[in-house]
Each structure stands twice: as structure tokens, then as C-alpha cells.
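Novice: Spelled out, the chains give:
Protein chains: 2
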Amino acid sequence: MSKGKINFGIMLHGAGGHMNSWRHPSGPADASVNIRYITDVARAAEAAGIAFAFVADGLYINEKSIPHFLNRFEPLTVLSALAAQTERIGLCGTVSTSYSDPFTIARQFASLDLLSGGRAGWNVVTTPLEGTARNYGRPHPKPSLRYDIADEYLKVVRRLWSSWEEDAFIRDRQTGVFFDAQKLHRLNHQGRFFSVEGPLNIQRSPQGEPVIFQAGASETGIGFAGRNAEAVFTHIGGLQENRHYYAQVKAAALAHGRDPQSVRIFPGVNPIVGRTEAQAEEKYRAIRDLVDISDALAYLGRYFDHHDFSVYALDAPFPELGDIGKNSFRSVTDKIKRQAAEQKLTLREVALDAATPRSPFIGTPDKIADLLIGYFEGGAADGFILTFLVAAEGFADFRAEVLPRLAGRGYFDPILKAATLRENLGLAIPRNRYVQQRAEVSRQGVA
Amino acid sequence: MSKGKINFGIMLHGAGGHMNSWRHPSGPADASVNIRYITDVARAAEAAGIAFAFVADGLYINEKSIPHFLNRFEPLTVLSALAAQTERIGLCGTVSTSYSDPFTIARQFASLDLLSGGRAGWNVVTTPLEGTARNYGRPHPKPSLRYDIADEYLKVVRRLWSSWEEDAFIRDRQTGVFFDAQKLHRLNHQGRFFSVEGPLNIQRSPQGEPVIFQAGASETGIGFAGRNAEAVFTHIGGLQENRHYYAQVKAAALAHGRDPQSVRIFPGVNPIVGRTEAQAEEKYRAIRDLVDISDALAYLGRYFDHHDFSVYALDAPFPELGDIGKNSFRSVTDKIKRQAAEQKLTLREVALDAATPRSPFIGTPDKIADLLIGYFEGGAADGFILTFLVAAEGFADFRAEVLPRLAGRGYFDPILKAATLRENLGLAIPRNRYVQQRAEVSRQGVA
Ligand SMILES: Cc1cc2nc3c(=O)[nH]c(=O)nc-3n(C[C@H](O)[C@H](O)[C@H](O)COP(=O)(O)O)c2cc1C
Ligand SMILES: Cc1cc2nc3c(=O)[nH]c(=O)nc-3n(C[C@H](O)[C@H](O)[C@H](O)COP(=O)(O)O)c2cc1C
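Chains H and D, in that order, give the protein sequences. Under UniProt numbering, the first residue of the first sequence is numbered 1, with each subsequent residue one higher. Under UniProt numbering, the first residue of the second sequence is numbered 1, with each subsequent residue one higher.
Check each hint, because a few of them may be wrong.
Identical chains share a label here; the pair holds if one copy fits it or two copies do between them.
[Stated by the list, open to error] Pairs of lysine to aspartate or glutamate, EDC-like flavour, derived with a Cα cap of 20 Å: (1) K367 - E401; (2) K337 - D305; (3) K183 - E63; (4) K64 - E165; (5) K283 - D366; (6) K344 - D148; (7) K183 - D30; (8) K64 - D180; (9) K64 - D172; (10) K64 - E197; (11) K5 - E423; (12) K64 - D292; (13) K5 - E401.
Treat the hints as calculated values from the structure; they're not laboratory data.
Required output: the full structure, derived from the provided sequences and hints.
Specialist: Structure, rendered in C-alpha cells:
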């Protein structure tokens with residue numbers, strides 16, 4: 001007996017997660033700015049029963065960035081366009097709480113949720129890239145401060161989403177009453193980072209609130225997820241590692257008085273599927289061959305604040321970096337440092353591995369289905385975000401070979417049952433905070 | 001011989017510009033948040049040859065706001081959704097330079113322009129409503145400071161849009177060259193209000209740059225238009241008044257070394273069309289009857305920072321207000337004050353007039369066509385933005401009765417010829433600033 005169905009999200013990252021995926025012949029080279037292509041992918045994913053599309057984001061680029069991330073759509077605009085071309089797939093976008101205004105973002109996500117009929121999700125990030133500060137003319141907050149800001153930001157946004165009760169708009173043409181003033185709430189928030197009066201100028205959205213995703217792996221990040229997230233996007237590692245992370249997040253939710261079921265954990269997986277092991281390996285090699293060593297060093301540098309790795313000997317042990325990398329993708333860089341030390345890797349090996357990560361999800365459809373079910377049943381994942389190295393080939397193979405096997409074994413529902421993301425993920429509609437407060441007050445009054 | 005064709009824009013403001021238009025039976029009461037309805041309007045406008053859809057905006061509401069503006073879509077998200085459902089109509093959205101970040105807004109408009117295939121327009125406003133400051137937790141800048149900020153903001157945004165030259169992205173799969181580093185430019189802007197390094201993380205958009213609209217009527221506003229705007233949205237008044245305004249804006253453009261043709265003037269008109277004068281008058285009365293006097297006073301108050309007009313005698317002369325209204329919709333409030341004094345109007349008359357403005361554009365199709373042609377030929381307008389009091393009835397009548405007459409007389413092209421807004425408005429594609437600088441330097445080198 002399975003414990004339920006596996007939900008999938010699909011990353012819309014143009015040609016793919018691999019730095020040189022744009023060179024792969026299976027999709028268009030301009031995929032990250034090709035709205036036709038992106039729409040086709042979202043529609044194909046919807047037709048295949050994928051619960052949501054997911055758009056990652058960054059607010060700073062330079063010559064060393066991943067090529068196709070130099071040039072890509074802004075998440076809220078592209079997701080709104082996709083809303084008009086799809087009917088059931090969730091639409092999740094990444095927006096940073098360090099470089100935006102809560103009133104604007106509350107509004108844009110409420111608007112997306114409303115125009116998509118209840119399919120919006122917000123991946124809340126705090127922006128690791130320090131260069132962002134130079135595009136926004138303000139100092140880059142330190143990691144723990146970023147999370148403090150994010151906590152208050154989320155609180156403000158959620159209260160803005162409660163500005164109007166579900167049934168606040170009456171629109172009675174006879175009496176001329178448009179709304180019920182009792183069901184309109186100002187938050188009048190005055191906090192450490194934000195002061196926001198409200199109300200929001202858009203109704204409470206079909207999902208009550210867009211689904212809150214989060215992607216942060218540090219201890220602080222896990223605490224944030226426990227308090228705020230309904231879905232967590234995380235890296236995939238060994239089964240034990242992900243099981244540990246899964247337990248930590250669920251425990252953090254419980255510690256904040258939440259039902260652990262109300263936070264879903266989605267590791268990102270990038271399967272490469274072949275009819276045989278050998279064919280899958282061949283596909284992997286074809287991707288790896290898209291990168292030369294100088295590109296690989298530049299890619300590695302991205303995680304370490306664009307540290308220049310070309311100054312080290314390629315075949316000597318991975319260099320000692322001290323604090324470099326500590327203020328950025330810290331969870332990633334710690335892992336790279338640890339593995340290099342443990343496995344005594346050279347810089348060349350680390351760079352090539354980083355540029356074309358050899359995930360365990362390379363192999364036959366049955367092997368990959370077994371692995372996914374293993375994480376799911378093993379208490380390491382509630383679902384997965386598909387972050388194919390090469391999006392076109394990767395998804396075509398996965399859809400044709402893996403999804404039917406998962407469905408056949410009862411782990412996947414190939415049809416999206418509901419028209420809202422919350423329903424498809426089995427997440428409850430949150431109550432309007434003012435309605436909830438009233439309910440609590442009246443309960444206390446009775447007791 | 002006509003001097004050319006009249007371009008029209010249509011305001012997407014839900015039920016209409018009239019405060020109680022939501023009560024009118026010709027459209028849905030929830031029009032401002034009904035994506036199906038808004039999509040149908042945009043498509044019908046496109047099919048009729050309307051050059052662009054226009055979304056106004058505000059960032060502060062309270063109980064006294066126009067009812068259906070309490071609850072409406074955010075411009076960039078709704079326009080992105082419309083981009084996916086239309087093919088030729090321009091998509092213009094209002095965003096304030098006083099309450100947003102240039103990097104974000106440059107990016108969102110470039111993204112909209114790209115995903116719409118070159119149909120984006122940005123109505124640059126500086127936000128008259130002081131309450132906005134309380135939703136964004138920062139002080140509300142005074143009018144002239146707002147325009148100083150807007151000038152620098154526009155400069156930054158335009159340079160961000162020049163980050164990549166048109167042909168910067170090579171994407172040669174053979175050589176692995178994704179972009180030409182010579183065609184990538186950082187602005188490294190350090191100004192009074194903003195510091196922005198760049199580059200923008202999206203290519204130069206199909207129109208080169210989205211079309212810059214502006215809506216401000218003060219002297220400062222006209223100066224701003226002369227420097228920055230490609231299209232100006234303005235109020236309609238008498239022919240002489242608009243001719244004067246038209247000449248002022250064109251002169252301001254000339255004074256800044258620009259071709260006066262490169263700024264198009266669009267007064268907002270709200271025709272009410274009847275087969276006979278009497279039928280048109282009847283339609284007007286039906287709209288006026290949607291408002292009672294207390295609603296009308298509240299509506300009037302909006303322009304005067306929500307001043308409470310209910311304290312004055314209704315049938316006494318319009319009260320002396322001193323400075324009230326000077327820091328907000330100043331061009332509107334000055335006009336209201338002037339007309340009340342000149343025509344010795346009572347408060348009741350001013351309020352009812354304000355709530356249901358009796359425009360001269362009430363009448364038969366021929367009368368309205370004559371009027372429009374009069375402004376167009378009379379050097380008072382290059383086109384018009386249709387701001388119907390009641391959108392559904394208003395546009396249906398205008399499309400059926402007035403557009404064919406204008407087309408028959410050679411003043412209107414009922415088919416959108418081009419797929420970009422610039423082409424449909426006859427506006428040139430601006431050159432990338434760095435390419436232009438290079439051209440100037442090399443010209444000087446030769447001389
Ligand atoms: C799986 C994963 C995906 C992420 N995606 C993004 C992203 O799209 N944009 C972004 O700015 N940051 C992204 N981040 C960065 C996190 O939001 C966070 O800032 C970073 O991981 C540092 O926080 P931490 O120390 O808690 O992990 C991602 C992180 C992880 C682990
Ligand atoms: C026709 C017209 C339309 C306007 N539309 C908007 C709007 O949608 N949103 C907004 O915040 N301000 C709007 N404004 C306000 C202007 O952007 C400007 O802030 C205001 O008119 C004060 O500037 P001024 O003194 O130069 O007119 C509009 C103004 C005019 C004249």
C-alpha cells in the first residue's frame with residue numbers, strides 16, 4: 001500500500017538546469033526567452049498531470065552567470081501569461097523579500113492567483129547574491145538579518161491578503177452596496193522593517209492565499225520554513241540526508257504549532273532516463289560534453305561569489321577557501337568543500353562535477369521510479385521538482401517512460417483533479433486572519 | 001484631405017470610469033476582477049482596430065475610493081495575461097516611479113514587451129495620493145521632487161533597456177558562444193536618488209523600449225512629458241484648451257531637441273452614443289441616476305485628499321478651499337475650483353457634475369465623429385483614449401456606430417496593421433543608447 005500520490009513540479013528554466021543546456025539539440029537555444037516554447041512545456045506538463053510549474057530567479061548577473069540565465073523572463077509576468085494558456089497547473093514564482101515591497105508583492109501574487117483561478121505559488125527567497133545590492137542601491141543584508149526581514153515581510157503580506165474577508169464584496173445593484181465595511185480590515189502594521197497601513201486593493205484570492213514555497217537549507221532557513229512555508233524546495237542528496245532534512249522541517253513546523261502535513265517537501269531531481277543503463281549514460285555524457293573546463297571553473301565560481309578558480313592548479317587537491325562562500329549559497333558551498341575534502345578530489349573533478357552534476361537519477365525508467373518511490377516511502381520527500389539538466393529531452397523521456405510506471409504502481413495520478421494548486425497539493429485553504437481572531441475571541445467568550 | 005489616421009486606446013477599468021458603473025446592467029458587476037470579461041473586451045477592441053488597452057492604477061484605497069477600484073487587478077500581471085490572449089493590441093500599464101525600484105520595473109516591462117511580441121507601454125505616474133506613503137512606509141515626496149525622481153528613474157530604466165545591444169545574443173551551439181561581450185553594457189549609474197550597476201537580465205525588447213506614456217498636466221508635468229514621453233494621456237476640455245495643451249507639450253518636446261511628432265497626445269474621451277440626441281441623453285440620465293448625493297460628495301472628496309464635503313450646505317456656493325487639493329490631482333482640482341467660481345455653482349452641482357461628468361461627447365454617432373475629427377484636425381489631439389463612463393454599453397455603441405463612420409471618412413483604420421505598438425502608433429524604435437553613443441563618437445572622429 002502506498003502512502004499516497006507523489007506530486008511533481010517542473011522547473012521552467014528555459015533550456016534546462018545545466019549551464020550549457022542551450023547547446024543541446026533537443027530544444028530551442030533561446031528557450032529562456034521563447035514564450036511559445038515555455039507555453040508548450042507548461043501545457044505538456046499540465047496534460048501529463050504535473051501539479052505546478054516553478055520559476056526560479058535572480059536579480060544580479062555578470063559575464064560569469066549561467067549563459068541562458070543572463071536573459072530570461074521575469075517570473076510574475078511570464079506566469080501571468082501562462083495563466084491565460086493553461087487551466088489546472090500551479091504557477092509558482094520566485095520573488096525575494098530582500099529587494100521588493102510587501103504591498104506590491106502581496107498585490108501581484110493576489111492578482112496572479114485571481115486571474116489563474118487559484119493557481120499561484122510564491123517561492124520566498126532572501127537573495128544570496130550580494131551583487132544584487134548594487135542593482136538596487138541599498139546594502140545587502142547579512143543572512144540572519146535577511147531572514148528576520150523575510151519573517152516580518154511574510155507576516156505583512158499575509159495580513160494584506162486578509163484585508164478583505166471572503167464574502168466582503170456584495171455588489172448589490174439594487175441597494176448600491178458594493179462591499180460590507182465590517183469585512184474590510186486595515187493591518188496598521190508598524191514593525192522593525194516595514195510599516196504598512198493597508199488595506200490591499202484586491203480581494204482575498206481564490207486560494208485564500210497563494211501557496212508559500214521556500215528554498216533555504218541552513219538552520220535559519222529551516223526555522224523559517226517551519227514558521228512560514230507550505231512547500232519546501234530543497235536539494236537532493238542521499239536518502240539518509242534527505243530523510244534527516246525532511247524530519248527537521250516537519251519538526252520545525254510542529255515546534256511552531258503547525259500540522260507537519262501542512263509543509264510539503266520537494267527535493268529537486270534531475271533524472272536522465274534511458275531504455276538501458278548504457279543509453280542513459282550516453283545521454284549524460286552528451287550533456288557533460290557541452291562544457292569545457294574553463295566554463296566549468298566559472299560555473300563553480302558562481303556559488304563562491306564568483307571566486308576566480310582559474311588561478312589554481314587544475315589537478316592539485318581542491319584549494320583551501322577559508323571563509324569564501326560563507327555568505328552566499330552556503331549550504332551548497334559547505335557541501336562542495338566537505339565532499340572535496342572527504343573524497344580527496346582535485347579542482348578539475350570538483351568543477352566538472354559541479355558543472356554537470358552526476359545525480360543518482362540516471363538510468364532506466366524502472367530504476368528511476370524505484371528511486372523516487374524510495375524517497376517518497378522512506379520519509380524523505382512528499383514530491384519532487386523536476387529540474388532536468390536538459391529540459392526538452394529530460395521531460396519528454398520522463399513523461400513517456402517514468403510517469404506511466406509511477407501511475408501503474410499507484411504512486412501518481414496522471415490527471416490534475418482540481419483547478420487550484422492547494423487542492424492538487426492537498427493543502428488546506430488558510431482562514432482569513434481576522435475571521436480566525438474573531439472565532440478565537442468568541443470561543444474564549446463562551447468558555 | 002485628412003492629416004492621417006486617429007489612433008484609439010481603450011481604458012480597461014472594469015465596469016467603467018463612472019463611480020457607480022458597476023451598477024449598470026450592461027456589464028458584469030465584478031468586471032474589475034473578472035479576467036474573462038476583461039479578456040473579451042481586449043479581444044473585441046483588438047478586432048475593432050483599437051491600438052492599445054490602457055490600465056490606470058493606484059496604490060492606496062480607503063472606504064471612500066470608487067467602489068470597483070477597491071478591488072482590481074494589478075496592471076503588469078493582468079496585461080501579461082492579456083498578452084497571451086491577444087496578438088496585436090498594445091498593452092499599456094500604469095506604474096509609479098515614486099513607489100517602485102527601477103531594476104524591477106525595467107525588467108517587468110521588458111518581460112511584458114518580449115512575451116507580447118512588442119506591445120508593451122508604460123504609463124509613468126508619480127502618484128498623487130499621499131496615503132500611498134503609508135502603504136510603503138516611506139515619506140511621500142512633494143510634487144516637484146516626485147518629478148525629479150521620475151526623471152532620474154526614467155534615465156536609469158532606459159539605460160537598463162540598453163544593457164544588451166539588439167544582436168548581443170549569438171547562441172552559436174558549435175562554438176559555444178552565447179553572447180558577444182562587446183555588446184553587453186553596464187550603466188554603473190550613481191545618481192541623486194538611485195544607484196544601479198546593471199546590466200539588466202533580459203534582452204533588449206522587440207520594440208527597443210516599451211512605449212513611454214505619461215499622464216500629468218501641471219507645468220512640471222508638461223516639462224517631464226517634453227523630455228520623456230512618447231504618448232501623453234490628458235483630460236479633454238474645450239477645443240481651445242486642448243489645442244493649447246497640445247501646443248505646449250509639442251513645444252516642450254522641441255525645446256528638448258525632440259521631433260514633436262515623437263510625442264502623441266491622447267485626450268481621454270467618454271462618449272455616450274445614441275441613435276438620436278434624445279436617446280443619448282437618456283443613456284446619460286440612466287448613468288447619472290446610479291449615484292445619490294452622498295456618493296457624489298465622497299467622489300468629489302477623492303480629488304481633494306478625501307476632504308469631507310458633507311459638512312457644507314449642499315445648495316450654497318461651492319466652498320472656499322484654500323490650499324486643499326494642491327498636493328494631489330492639482331490640475332483637476334484647480335479646474336473644479338475655477339469652474340465653480342466662474343459659473344457660480346453650488347456644492348450639489350459641482351458634486352453631481354464631478355460624479356457623472358457631462359462631457360460634450362454625448363449625442364448621435366455623426367456628432368461624435370465630427371467632434372473627434374474636430375480635435376484631431378484642430379491640432380488638439382493625435383488620438384484618444386476611450387474612458388467610457390460605462391465600459392460595456394459605451395464601447396459596444398462606439399464600435400458599432402462611431403468607428404465605422406470614422407473609417408468611412410478616412411480617419412480610422414479598422415484593422416491593426418502591425419504586431420507592435422510602436423508601429424501601430426507610428427513611433428520609431430529608439431536606438432540603443434550605447435550604439436548611438438558609438439555612432440556619435442565615430443561621426444565626430446570622421447569630422
Ligand atoms: C533548492 C534551492 C533553490 C533555490 N532557488 C533560489 C532562487 O531561485 N533564487 C534565489 O534568489 N535564491 C534561491 N535559493 C537560495 C535560498 O533562497 C537562500 O537564499 C540560500 O539557500 C541561502 O539560505 P540558506 O543558508 O538558508 O540555504 C535556493 C536555494 C535552494 C536550496
Ligand atoms: C488623464 C490623467 C490620468 C491619470 N492617471 C493616473 C493613474 O492611473 N494613476 C496615478 O497614480 N496617477 C494618475 N494621474 C496623476 C498624474 O500622474 C500626476 O501625478 C498628477 O496629475 C499630478 O501631476 P500634475 O500636477 O503634473 O498633473 C493621472 C493624471 C491625468 C491628468
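Novice: Evaluate each hint against the coordinates.
Specialist: Against the structure, the hints:
1. Within a single copy, K367 and E401 get their C-alpha atoms as close as 11 Å, which meets the 20 Å cut-off; across copies the closest is 67 Å, which misses it.
2. In this homomeric assembly, K337 and D305 come within 20 Å of each other (Cα to Cα) only inside a single copy, at 15 Å, whereas the closest approach across copies is 59 Å.
3. In this assembly of identical chains, the alpha carbons of K183 and E63 lie at most 20 Å apart only when taken from different copies (11 Å versus 51 Å within one copy).
4. For the identical chains of this complex, K64 and E165 are inter-copy neighbours only, at 18 Å across copies versus 47 Å inside a copy, given an alpha-carbon limit of 20 Å.
5. Taking CA atoms no more than 20 Å apart as the test, K283 paired with D366 passes inside one copy only; the shortest distance there is 17 Å, against 69 Å between copies.
6. Within a single copy, K344 and D148 get their C-alpha atoms no closer than 38 Å, and across copies no closer than 58 Å, so neither meets the 20 Å cut-off.
7. Within a single copy, K183 and D30 get their C-alpha atoms only as close as 48 Å, which misses the 20 Å cut-off; across copies the closest is 17 Å, which meets it.
8. For the identical chains of this complex, K64 and D180 are inter-copy neighbours only, at 13 Å across copies versus 54 Å inside a copy, given an alpha-carbon limit of 20 Å.
9. In this assembly of identical chains, K64 and D172 lie within 20 Å of each other by CA distance solely across copies; the values are 17 Å between and 58 Å within a copy.
10. Taking the shortest alpha-carbon separations for K64 and E197, only the inter-copy value of 16 Å comes in at or below 20 Å, while the best intra-copy value is 42 Å.
11. For the homomeric pair K5 and E423, the shortest alpha-carbon distance inside one copy (13 Å) is at most 20 Å, but the shortest distance between copies (51 Å) is not.
12. Taking the shortest Cα distances, K64 and D292 sit within 20 Å of each other inside one copy (14 Å), while across copies they are farther apart (63 Å).
13. Taking CA atoms no more than 20 Å apart as the test, K5 paired with E401 passes inside one copy only; the shortest distance there is 18 Å, against 57 Å between copies.
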